[in-house]
Structure formats: structure tokens, C-alpha cells
Amino acid sequence: MALYVLPIFLPLIGSLISGVLCRKLSDRQAQVITCLLMGTSAALSIVIFHNVILDGNIQQIKLFDWISSGSFYVDWSIRIDELTAVMMFVVTSVSFLVHIYSIGYMSHDAHIPRFFSYLSLFTFFMLALVTSDNFLQLFFGWEGVGLASYLLIGFWFKKPTANAAAIKAFVVNRVGDFGFALGILAIFLTFDSVSYDIVFNAAPDISGTNFVFLGHSFDVLTVICILLFVGAMGKSAQFLLHTWLLDAMEGPTPVSALIHAATMVTAGVFMVARCSPIFEFAPIALSVVTFFGATTAIFAATVALTQNDIKRVIAYSTCSQLGYMFFACGVSAYSAGIFHLTTHAFFKALLFLGSGAVIHAMSDEQDMRKMGGIWKMIPLTYVMMWIGSLALAGVPFFSGFFSKDIILESAFAAETGLGQYAFWLGILAAALTALYSWRLIILTFHGKPRADEKVMAHVHESPKTMTIPLVLLALGAILSGYFLLPMVSEYHDFWGTSILVLPEHSALHDAHHVAFWVKALPTIAAVIGIGLAYYLYMFRPDLPPKIAKTFRPLYLFSYNKWYFDELYNYCFIKPAKYLGYGLWKQGDKALIDGIGPDGMANAAVHIAKRAIKLQSGYVYHYAFAMLVGLAAVITWFLFSRS
Amino acid sequence: MISTLFLTQLQILINEAMTEFSAPDYLPALPEIFLGGISLILLTIGVFVGNRITTLLTWVTSLVLIAAVVIILSLNINDQITFGGLYIADTFGTFMKCLVLIGGAITLIMGMSYVKNEGMKRFEFPILILFATTGMLLMISANDLISLYVGLEMQSLALYIVAAFKRESIRSTESGLKYFVLGALSSGLLLYGATLVYGFAGGTSYEAIGNIIESGDLSLGLLIGLVFIASALAFKVSAVPFHMWTPDVYEGAPTPVTAFFAAAPKIAAMAVLIRVLIGPFYDAFDQWQQIIIFISIASMVLGAFAAIMQANIKRLLAYSSIGHVGYALVGLASGNEEGIRGVIIYLSIYMVMTLGAFGCVLVMRKRGQMIENINDLAGLSRSNPPLALVFSIFLFSMAGIPPLAGFFGKFYVFMSAVNADLIGLAVIGVLTSVIGAFYYIRIVKIIYFDKPKDSFDKPINIEITATLTLTGIITAFFFAYPSPIISGAAIAARSLLP
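Protein sequence lines, in the order shown, are assigned to chains A and B. Each residue of the first sequence is one higher than the one before, counting from 1 in this note's numbering. Each residue of the second sequence is one higher than the one before, counting from 1001 in this note's numbering.
A few of these clues could be false.
[What the hints assert, rightly or not] Under the rule of at most 27 Å between Cα atoms (straight-line distance), these lysine-lysine pairs were calculated in the DSSO-like manner:
no., chain 1, residue 1, chain 2, residue 2
1, A, K609, B, K1121
2, A, K159, A, K448
3, B, K1366, A, K589
4, A, K577, A, K159
5, A, K613, A, K589
6, B, K1366, B, K1458
What the hints contain is simulated information worked out from the structure, not anything from laboratory work.
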């Protein structure tokens, strides 16, 4: 039992030690404590992975009763099945590497213990999320990672932009979480329980029942699933709720790698996969998932093309790849989604940490227009970025190749209109992915140096604490595709009972038998993308500005992220501010304060002034008052009796 | 011849009297007899020795008061009537007498340095307090309107004198005079009420009155008599509209006397009010409940509002005490066992808080001069942090902030009102305590946040320190061990109700 419980709580212990004693501990002590505990947790997670996947040793461990109120009962238990084991492995290993990397990356920061405390705290919440055994526990982890994300985005709290970004991330996630919370409430209302086992077992029976809301009849499971997916959209930065992810790049780069690429943002995918026993009975909800996933994939890819900030390009890339994962789930290829989640965790963390190494080398410069010509000076980082990009673009035999191909093939094999929509947009997005990835590499590393001499003189390879995690992640980016291929193989029952796919949803199964051109198309798209990038940015660097000029509206549309920030600002933020200001000035100040506290206080003072006027100091006044009181009472009785 | 005849006749009369009246049972009244005897002895000693032994006499008086507590507790008499029905000893009386005696003892000890410094060091002071306390005990135990009047006058006469005890101070003498004039008026009301009751009920003993009312014969005269008696007692507890003397007397009287007024006589008068209303007039509950509700609301409201504008701490505490009486009367208005228990708990807690608060006022002295301005407390938190803390505890407690004692006092009376379907009364009580919280907490704000002025004289003498420590601990930690007061109050309330 300790084996299963420890990896979850070791990071919490590390976080508490480092956080509570942050003034007492030296930087080095905090780093050693959190990294050691995190490393132990990662090692144990590998053991758990081995136990669960190879030996099929699934566990449900009840730790304690949590809430018991009427028919509402929740305990706190740990569910270790195949899905959890994979997630734990991903989360702890990437988190451990990011911890190590941060030792080097954050070495100049003044608040190192606090940073490591937050990182470990995040890992704990993420583990609580993936090991949850009921929806409330899931929600606990879900909100917890949101909190840790907020704290880490705003880690440099003296930077106004970082604070604004942290608040934005929190507020946008609130929209999603509201949906998620409603979904959980709907689940409790429908199933009278929030425990996975009860809900998942009862889902087939509930399937097809309707409820009436505002005169319309809705399918219960569809509503539940869509509400849950709204939560996933927020957390996983899907189309419409994606705006926070970009700004989240204000946080330190290791945070971006861990939270905003490898783990937290994939929580939505995990949740959908975890809830596959419900989603399978809600085909409309699955269509919604497919639509939003595919749209996000292409949307984010088009935006990534024109961004100049190295981290923002990768952030949009993350957004796009999350879209892939979602539409995989949407066509019932949950395992393909989780497979991509796993490989993506490695290569995207690699890309982020690689970009962090670049930023570190370029004296904290993030703008690619001020980089270039540095590949010979930081060859290791350069190679790492190549490996990451190859995996991302889905070049054969790198991990992304396996996972992205199976997703696209599944979409094609789903043989639905939305499946085709997802497939073709996915192919296009794959080409764009390759294009922006190599645009990033060429702009960053090749060409003439565009930074000033002082920066260029200072360009250096990162310390070992940063490069070793890069190398390990690169190994993962290359190899994870091979080793985890059984996840989507038709010959292995990798997932056991943790993921449910109805027989009629056979997209993943059929994906292995699609036509050859379907299998080849993603690779071709990637190669075209890479070739185009070389042509445009390496050989004809004069072309991109011309293209941008010729298609200026399109360029601006992409550069300004489809104007979502402006749109939201106009539609929501301004009215909200206006409303808030009005309520504050008119409602709160004038009305509530005016009549309420202020008005009453003034009235009280007024009454008080009158009351003390009665106290004249003359004995005959006092005696008179007594007699008046007496007479009043007697009069009252005389009249009330008769 | 004629004289012989007269003597013989007298002899016969005496013989008849001797056979008719056997000696009463003195034991239940032992505390009063003890106090009365001791006070006469101390007075004699004082007259012969003079003002030299005032301090010693004060200590002795305090000890005597404590000894009386011991006597009362060791007698532990429940429901004994003696002196031909004039006197009753019961658990209710026991509880209230103990409160009064403790209150008296503590004010005497606490005020000793004030008496010394302010030129009040005359031997009559402790003895007058002793007389007053004896009177209070008598009136608590009174079981007849006549013995009630005698006890009441005994305490009042002593109190008039101590209010004016600082003879050279105009304010003190003025307050004594005002108290005397208005007190005489209230005594007149009481007597007039008593005569009406006697006229319509045919007796002055509580049993006789109770029997008449129980038989359903509540004539208008009896009712008006009740109003007069209730008004006179309302004067003694300083309930609105019979409160007017309170601010002036509290402000003008020497501070230890004010503390004594706020603690002992108020509790004694409240005990009498409870005993009269719950005893003989129990069956007129529907009638007197209206009076009590009226004066309760009036007291709570006036206590809350009028205190807001006060700049003098003693005057503020006077209004505060008016408000507290209003809250206590909420419990009486419920008229049931729970309500009476609430009143008794409230009074116990009120006494502790009030003694503590006046202890703090007694410390307000700069360069040998007593000061009473609230603004002089500014910055107390820096010049004397423990005093600031303990004063804040009393103020928060009076405001009714949990978990301090004052909260529980209010809780029990409001609870009883809610259970007795007097929800409106409870709501008004809560609202006025919100307003009241303002002026209490304003003082805390002055203590903690205002710019410090020069600090009070130090060191604070040991008697006041001890008092503040004791009352502070009781106020702050009442919630940890409330059962002695709560269960005691429950027993006392049960003994009172028929």
C-alpha cells in the first residue's frame, strides 16, 4: 500500500517542507529535499507502472472517509489502474526532470525555495487528480493544479504582466470549472453518487433517459458529458477557452514545460478518457469533442505560424497538439489520445526546456527576431531542439510519428463527417506544425546573428543540471513511441477496464486497416512543411515579409490570434467592467452603502444626538420623565383593559 | 389604684403577646444578622478610633462580605420562610446574594487606592457599603412588601451618602443629591403601589397577593399597584424611562462608588424585580410582560444609541449598563424557567465584565489626576499592552463577541426569548447589540490604533491588577468551563418558579 500512496504524498511533503521553512532553508537544501522526494516519487511510479501494466495489479485503496452527509458520501481513495499508472509515470518523470532543470534555470532567482515548493505542490495536486477515485477528488486535484498554475504563472509577482496573466488564467479556467462543477452536480443528481465505479456501472442504464429543462428535453448523459468537456476545454486550453495559455508563458520556462505543456493542460484529455464509460453513451458529446479538438488543432497551428516569441510558438503548438488528443477521444480512440499525450509530454517538455536553454543562453531574450546564428555556439541545445521538432512534426520513427499517425488514421477510419473534418484539418495542421517548427529552428539558430554583440558574446551552453534533463527527455521523445506502441496496438489489451470503447465505435481498430495513402499523408505533410520552412526562411528570407504584405489581412488575423483577445475584451471584459463599475458606484456606494451602512450610521448618530439632549441635567426633567413613563404605562393598561 | 389597674392590664397584654408570638427561626437570616451585627461593631470601633484605620476597616469589611458568602453557601437553605412570612431564604436568593456580596467585596478592594488618593479616606465609607449590602440582602430575601421596602430603603440611604462621599467635589455632591431626590420619588412610587396592592389584595405578604391574583381577581387597583411597584424597581435597575439619574450619578459619583452601583445594587434590584414579578404577580404574567417588554426595548435602544456620543468613559458605561439591563429584561419577559436562568447568567457575566471595566477606569490616572475622557485611552496598546488587552477583552465581551463571556449572556436570554415566541424582541436585541458594538469597538480602536498620548501612571497597584486578572480570565475563558454559573443559574431559576 505504501508503494501506491507514497508517490502521491512525497511531493506534498517536499512542498510543505520547502514552503513552510522557505526562510530557514538555504536554496540548496530546498532544491535537494524537493528533488530527492520527487525523484523517489518518480522511481516508485515506474515500479507502479511495471506492476500495473505488466502484472495487471490494479488497486483501489481507501484512505479515509471524506464527506458523509445524507445520501452524499465521498471517501478519499486512490485508484491505480492502467490509465492512472501511465499518467503517474508521465507526471512524475517529467516533473522530476523539470525539478532538476530548474536548479540550473532558476539559479539566479531570489525565491528558490518558494519556486520548488510550488513545483512540488503542483505535482501533488496533479497526482491527486490522476489517482482520484471519484469526481469530487478529481475536482480537488483539478482546482489544486489550477491554484498551483496560478501561483507559478505569477511567480515573478513584481512583473505586472505576470500577475495579469495569472489572473487571466484563473478567470478563464473559472469558466471551464463552472461547467465542470455543474457536470459533477448533474452526475450526483443523476446517479446519486460521485464515485467512478457506481457512475460508470450505471451509465448504460441511464443512457437514453431525458430530463426537461426550460421546456426542452435533453439527454442526461449528453448534458453531463458536455458540461464535463467544458471543464476540459478550460483546463486544456481548447478553442474559445484557449486565451489564457498564451499569457501563461509569462511564468518561468520550467513551469511552461511542466504545467502548460506536459501535464496540467492534458488533464482535460485524461478526464475525457477517464470518463469514457459515460462519453461512449453520449455520441453527441463525442461529436462536440471532435469538433472542438479539430478546430483547436488547426486554429492554434495557424496562429503559431506568425508569432515571434519563441515560447508563444511552442505554446500554440501545445494548444494545437491538445486538439489532436481531443479529436482522438472524440472518435472513441481514447487510447490514441493518451498515447499522444504521453509522447507529447516528452517532446513538448523537451522543446520548452530547450527553448528555456536558448533563452538562458541569449540573456533572457525571447523574441526570435533578435536571435539567429547561434547553433554552433550551443550545439547540444540545437540538437535537442531538432529532436523535439522532429518528434513534434511526426517525422517517421520519432515518437510523435506513431502517436499522431494513429490519431489521424482513427479520425479517418471513424467514417463520419466530423471524422473527415478532423482528419483533413489534422493533416493541414500537421503541415503547418512542421512549418512553424522549422521556422522556429531556423529563426532561432540560423542566419545572421540579430542580437547585439554583448548578448552574442555571452551565448553559452547551459549547465549540466539543465542539459541532462534535456538529453533524458530527448531519449523519451525518440523512444517512447516504440515502447508505448502497445497502447494502441490491436494485439494488446493495454488498458484493461480503465477505458471503455463500445464495439460499434471501432475507429481505433479500423485505423490499422486504412488505405496506404492515409497512413502516408501525415508524413508527406510534415515533409512538405519542413521543406517549405527551409525554402522560406533559409533560402529566400525575403519572401515571408512579402507574403505577409500581400496577404496582410490574413497575416494580421493570424498574428493577432484570430482577434480572440480583442473579441473577448469587447464582448465580456468591457461589459463586465462597465457593469462592475456601475454596480460599485451606483449599486454599492450609492444604494447599499448610502442606505445601508453609511445611512444607518448617520441615522444612529442623529438619534444619539437627540437621545442625549433628553439628558438635560435638571432633576425636575428627570422626575417628569419618570412620571410620564409611569402615566404612559398606566394609561396603556386602562385602555387595553376596557 | 388606677395605675395598679393599668399595670395589671399591661401585664395581661404582655402575657398574651408572649404566648401568641414564639421566637422566630433566626438561622435562615444568619447572613443578614451577621452583617448587621458586624457593621454596628465596626461603626463603633470607627467612631472611637477615627479615620486612621480606614484601610484596615476596608479590608475587614471585604473579608466580612466574603465570610457572608461562606455563611450563605454553608447554610444552603432552600425555601424557608421565617419572621412571620417576612423573610424567605431560597436558592435563588442564595445565588443573587452571593453575586451582590462578591461584587461589593471586589469594588471595595479595587477602590482602596482611589479612596486613599482622592481624599475619601474616612472610616464611614466601608461601613456604609456594608450597610448598603446588608440592605440588598434583606430586599433579595424579602417576602413581604413591607420587608422589601425596609431593605430597599436601608440600601438606598447608604447609597445616597456614598454617592456624595467626595464632599468637596461639586459633581459628587450633585450626583448624591440627584440620586436622593429621584430615589425618594421612586420610594414614594413603591409605597403608593404597596398601599394600592394592600388595599385591593388585603395583605402585603407575597403569599396573600399571589393567592388573590391566582383566584383570578386581578382588579384595576391591583394592576395599577403593580405598575407603581414595577416602576419603582425599574428605577433601581435604571431601566428606561426611569433611568435618567444613571448617567449623571455614574459620572459624578467617585469611581469605586460607580463601580459598586453598577455591580451590586443593580443585581439586587433585578433580583427583587424578578422575585416580585415571578412570585406574587406570577399570574398577572400577561400584564407585566407588556411592561417588561416595553422597558426592555426602550432600555436596549437608548443604551445603544445614547452611548454613541459620549466622551466620558463613566457616562458611557452608564448607558452601557442601561443597555445591559434591557438585555437582562429580555429574559425576564420570557417569564419561564429558561428566561430566568438567562437573566441570572446574564447578570453574573455582566457583573464580572462591569467590575473589570471599572477596574480599567480606576487605572486611568495621569500625574496623580484621575481622568475619564475616552480619548485619553489613545495608544494604550503601546504604553501598557496588558491593560489594553484586558480592557479590550471586557469591551468585546460587552459587545457580545464570541467566544467571550458576554456573548453567552446574550445568547441565553435571546434564546429564551425565541423559545417563548418573543422573536421580535430577540431581533431588536440583536440589532441594538450591533449598534452597541460600535461604541465598544470604537474604544478598542482608540486603544489600539490612535496616536499614543502620554501613558498612565505606573505601577498599577496590586489590588486592581488582581481584580483585572481575575475578571479578565473569567470573561475570556468562560466558554471553557461555564457549567458552575450555568447550572447554578438553572437551579436558582427552578427554585423560584412555582
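(message) Would the hint linking K1366 of chain B and K589 of chain A be met if the CA-CA limit is 27 Å?
(response) violated, 43 Å
(request) With a cut-off of 27 Å on the C-alpha distance, tell me whether K577 of chain A and K159 of chain A pass. (result) Status holds; Cα separation ~23 Å.
(message) Just to be careful, I want the Cα atoms of K159 of chain A and K448 of chain A compared with a cutoff of 27 Å; is the pair within it?
(response) violated, 32 Å
(request) Verify the proposed pairing of K609 of chain A with K1121 of chain B, using a straight-line Cα cut of 27 Å. (result) violated, 38 Å
(message) Check whether the Cα positions of K1366 of chain B and K1458 of chain B lie no farther apart than 27 Å.
(response) Distance of about 9 Å is within 27 Å: holds.
(message) Please verify whether K613 of chain A and K589 of chain A have alpha carbons no more than 27 Å apart.
(response) violated, 32 Å
Checked against the numbered hints above, the structure violates hints 1, 2, 3 and 5; every other hint is satisfied.
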